[in-house]
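Q: Quick mapping for you: the protein sequence lines, in order, are chains A and B.
First residue of the first sequence? That's 1 in our numbering, and the numbers climb one at a time after it.
First residue of the second sequence? That's 1 in our numbering, and the numbers climb one at a time after it.
Misleading hints may appear alongside valid ones.
Using 27 angstroms as the maximum straight-line C-alpha spacing, the simulated BS3-like pairs for lysine-lysine come out as follows [claimed, not checked]:
no.	chain 1	residue 1	chain 2	residue 2
1	B	Lys7	B	Lys65
2	A	Lys97	B	Lys7
3	A	Lys67	A	Lys42
4	A	Lys97	A	Lys109
5	A	Lys56	A	Lys97
6	A	Lys42	B	Lys65
7	A	Lys42	B	Lys7
8	A	Lys42	A	Lys56
9	B	Lys65	A	Lys97
10	A	Lys67	A	Lys109
11	A	Lys97	A	Lys42
So the derived list for chain B, only partly shown, Cβ under 10 angstroms to chain A, looks like this [as the list claims (entries may be wrong)]:
no.	residue
12	Ile4
13	Tyr35
14	Leu45
15	Glu54
16	Thr56
17	Glu58
18	Phe61
19	Thr79
20	Ser81
21	Gln105
Keep in mind that the hints were calculated from the coordinates and are not lab data.
Note that the coordinates shown come from a computational prediction; the quantities given were computed from them, not determined experimentally.
Ideal Cβ positions, reconstructed from N, Cα and C, are used throughout, including at glycine.
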Amino acid sequence: QKEVEQNSGPLSVPEGAIASLNCTYSDRVSQSFFWYRQYSGKSPELIMSIYSNGDKEDGRFTAQLNKASQYVSLLIRDSQPSDSATYLCAVPLDGGKLIFGQGTELSVKP
Amino acid sequence: SAVISQKPSRDICQRGTSLTIQCQVDSQVTMMFWYRQQPGQSLTLIATANQGSEATYESGFVIDKFPISRPNLTFSTLTVSNMSPEDSSIYLCSVEGTSGVTYEQYFGPGTRLTVT
Chain A
1 QKEVEQNSGP
11 LSVPEGAIAS
21 LNCTYSDRVS
31 QSFFWYRQYS
41 GKSPELIMSI
51 YSNGDKEDGR
61 FTAQLNKASQ
71 YVSLLIRDSQ
81 PSDSATYLCA
91 VPLDGGKLIF
101 GQGTELSVKP
Chain B
1 SAVISQKPSR
11 DICQRGTSLT
21 IQCQVDSQVT
31 MMFWYRQQPG
41 QSLTLIATAN
51 QGSEATYESG
61 FVIDKFPISR
71 PNLTFSTLTV
81 SNMSPEDSSI
91 YLCSVEGTSG
101 VTYEQYFGPG
111 TRLTVT
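Bound conformation, chain A alone (with noise of 0.2 angstroms):
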């Protein structure tokens, strides 16, 4: 049974403050790696792509993909009130379907 684990929360930090997301995964033969946003009453929104070892950036986020640990992770920096929702990781298995973690509640507060 391939599995995405993620701490549930809620994670509370400061408005400015860097907000760190976590998720572990065992599929060792995963290539790619999501991060989704989802606001409260509406539908996931893809913010974050990774599939290469290392650090992506894109603007005040950055995921962390370290494979051999089946380990990625995103960061927020200058956490703002907007950025409060749900971050759900997903990682695609055959046939393109995704298997997400739980979701990790943020709350960002000002």
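Since the structure of chain A is provided, determine the placement of chain B on it from the hints.
A: Chain B only, in chain A's frame:
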């Protein structure tokens, strides 16, 4: 990324009835998927909607309960049959696109179903 719409956006249904959810994409896509998100939970894949052939269902989901159609490369429907309160969830369709480097999945706005 593709623009995805779903109808209806929400509905309240009586137990024992059926609801068909539509998913429309503004461009042709090969892969379409249907997910369920139960209250307070993450997303679970129901099935892959295959164009021109029967859908591929995940463990725990069966065609009699969740029949799926995929008549062309821009449209799919999911029917939730003989509904019970346990079917109250958000149902999401997704499509696969490419960033040029890797395949990525994009979600429609979802259909919020409440079964009474």
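Q: Each hint: holds or not?
A: Hint check results:
1. Distance check on the hinted pair: Lys7 of chain B and Lys65 of chain B sit about 19 angstroms apart at the alpha-carbon level, within 27 angstroms; holds.
2. Taken as a hint, the Lys97 of chain A and Lys7 of chain B pair is honoured in the structure, with Cα atoms around 22 angstroms apart against an allowance of 27 angstroms.
3. Between Lys67 of chain A and Lys42 of chain A the CA atoms are separated by roughly 31 angstroms; this puts the pair beyond 27 angstroms, and the hint is violated.
4. With a C-alpha separation of about 35 angstroms, the suggested pair Lys97 of chain A and Lys109 of chain A falls outside the 27 angstroms cut-off, and the hint is violated.
5. With a C-alpha separation of about 23 angstroms, the suggested pairing of Lys56 of chain A with Lys97 of chain A holds against the 27 angstroms cut-off.
6. Among the hinted pairs, Lys42 of chain A with Lys65 of chain B is consistent with the structure: their alpha-carbon atoms are about 25 angstroms apart, no more than 27 angstroms.
7. With a CA separation close to 15 angstroms, the supplied pair Lys42 of chain A and Lys7 of chain B stays within the 27 angstroms bound.
8. A distance of roughly 26 angstroms separates the Cα atoms of Lys42 of chain A and Lys56 of chain A; the hinted pair therefore holds under the 27 angstroms criterion.
9. Between Lys65 of chain B and Lys97 of chain A, the direct Cα distance comes to roughly 20 angstroms. Compliance with the 27 angstroms bound is thereby established for this hinted pair.
10. A hinted pair counts as satisfied when its Cα atoms are at most 27 angstroms apart, and Lys67 of chain A with Lys109 of chain A does not qualify at roughly 33 angstroms.
11. Distance check on the hinted pair: Lys97 of chain A and Lys42 of chain A sit about 20 angstroms apart at the alpha-carbon level, within 27 angstroms; holds.
12. Here the hint on Ile4 of chain B is kept, as its CB sits about 9 angstroms from the closest CB of chain A, short of 10 angstroms.
13. Of the supplied interface hints, the one on Tyr35 of chain B holds, with its beta-carbon coming within about 8 angstroms of a beta-carbon of chain A, less than 10 angstroms.
14. About 5 angstroms separates the beta-carbon of Leu45 of chain B from the nearest beta-carbon of chain A, less than 10 angstroms, and the hint is met.
15. Checking Glu54 of chain B against chain A by beta carbon gives a least distance of about 14 angstroms; that is not within 10 angstroms, so the hint is violated.
16. This hint holds: Thr56 of chain B has a C-beta 7 angstroms from the nearest C-beta of chain A, less than the 10 angstroms allowed.
17. Checking Glu58 of chain B against chain A by beta carbon gives a least distance of about 8 angstroms; that is within 10 angstroms, so the hint holds.
18. Checking Phe61 of chain B against chain A by beta carbon gives a least distance of about 12 angstroms; that is not within 10 angstroms, so the hint is violated.
19. Restraint check, Thr79 of chain B versus chain A: the minimum CB separation of about 20 angstroms is more than 10 angstroms; hint violated.
20. Interface restraint check: Ser81 of chain B against chain A, minimum CB-CB distance 22 angstroms, threshold 10 angstroms, status violated.
21. Because the closest C-beta pair between Gln105 of chain B and chain A is about 6 angstroms apart, less than 10 angstroms, the hint holds.
Hint check: violations occur at hints 3, 4, 10, 15, 18, 19, 20; the rest are consistent with the structure.
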